[in-house]
Amino acid sequence: MTHYLSAEFFRTVRRRYLYFTLGICALLLLSVISLFAYANTTIPEDSEKATVDFLFYFFIQFLPTIGLYFTLLIGDMTFSEEHKVQTMRNTVFYGTPRMTIYLGKFLNCLIFCFVVMIALLAFAFGAGTLLLGISTSFVSVISEFLLMLAGAIPLWIAGAALAVALYSNIPSGNLAAFTFIGIFLLPTNLLKLFAFMLNNKFLSEVRSLFLTSRLDELAANGASSEPSFLITCWITGMVFTAIFLIGGYLGFCRKEIK
Amino acid sequence: MEEFVFTSHELTKRYRDLAVDHVSISIRPGQIFGLVGKNGAGKTTLIRMISGQTFPTSGDLSLFGQSSENGLQKMRRRIGCMVETPSFFPYLSARDNLEFYRIQRGIPGRENVDELLRQVGLADTGKKKFKNFSLGMKQRLGLALALLGHPDFLVLDEPINGLDPMGIVEFRDVLLQMNREHGTTILISSHILSELANLATDFAFMDQGRLLEQASAAQIHEKCRSCLEIRVDNAPQAATLLDTLDASEYEVLPGNVIRLYSHLEDPQTISRLLVNGGVALLSIDTRSSNLEEYFLNLMGGKTE
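Chains as they are written, first to last, in my numbering: chain A, 49 to 306; chain B, 293 to 596.
Same shape as in the complex, but just chain A (with noise of 0.2 Å):
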């Protein structure tokens, strides 16, 4: 597996993809930071100015559906379109399991994850304190935002763990990825069009149990979450991740290899 994961480090290091999405991720908050910048030189001089703290606030507030679907994005750069190229059939005929592909791919796509996440929060951290100023609330904000962080991050993971199965089971990357928006969005909406209509109790319930709800909650409730619904994130980050993983791996370990 160190060996599997070496490579695919070594291979998407050497991948434009890399740069062109953080220099495009750079480049928006970039924007943000300076919408933010600029509005504050409009606004009249005693009114409370964005500092460094808003964005984090602003953060807590999409960061946990945006964090979602950048791990469709991820996964993307990482399994480098290997059924379009035809190149997993060269890993294939080492005769390296297809376990170790599966998860390599994985925790490949958690690492790049992590790294691009780390760097763009550093960037948005540096930038927003140099153009917009740091206040004396910036350590409660930044608390709240690592209690959403340790909400999100085991629902991204399945996040993470769905994409993977999809670039494993289906050649074409566009229809992947249409694939996973669409499992994120339609059961969710539709169960929540007919829980409204059949005022249905029970499809509510059932609806609070999908990730992009738990999501969508703690972008709600930030730092107001309660450790127990960290813990029920938790839970249904690893039940996801597990039914993902399993179900593509099951897949994908007897796919024929073009």
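Bear in mind the hints are in silico, worked out from the structure with no lab data behind them. Heads up, none of these hints are tricks.
Below, in silico cross-link-like pairs of lysine-lysine (DSSO-like), each with a Cα-Cα straight-line distance of 30 Å or less:
1. K132(A) with K303(A)
2. K306(A) with K420(B)
3. K306(A) with K421(B)
4. K430(B) with K303(A)
5. K430(B) with K420(B)
6. K132(A) with K419(B)
Small disclaimer: the values here were computed from a predicted structure and weren't measured.
Please arrange chain B on chain A, whose structure you already have, making use of the hints.
For chain B alone, kept in the frame of chain A given last:
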């Protein structure tokens, strides 16, 4: 040393139709085994099962005596494969592509990659990306990957497609060198039968998923020898007459056909002998065949 590098027993792969139909083949160490068949004969499917890309519907296969799933996976580390057009990461150079697989396979020695690139004539491709390679260069890189880690068994599917004549000669030399110096066993499928005839020590002929024949090159050569093919009304009587001529190298085939392997330059003497001996001579032709004709005869004259 293992008795067989590869064996298959009643190996079958079914998609919608039967792609490989109860094929039993055995390959011994040191053989250069030519797999011959037209498109759709089942050669690539057979190779895909050997390489682990797909799984048999029924039947068994073994590599170096191991036939369990786990054993096969372990033994595949002793194999170098090149199946169809080689595939690599388009955004990496030849060196980076090979380095990627060297790291993935845990093969020590970065210098191995440079040595392989030199061996296949790609040493000076520098930073040129794989996506900009010609088909011949891709084939060479595919061979380099197959040779990575000094495999005991090379499995090559149509490896000379896209190579120029010089490349084909170099390719053949590399394979022969591997076989002679390292005892590498080679399974090679190709449409270019003249090239296979120069290389293979053994052949298997496939058609519509079935194995038609497995024979050594010496056996094929024997069957392809030049001869006089004589059609008569009474083959046993003709054979008795040929015995008086000290022409012992002949065989009697069904349909009153005799193949005579001597007196090739003297058909008049043979015809005179037979006619004077009371045998009606229907035809007499000089006949010789090469691997291509042998294959076509085996297929019953069918072409694609």
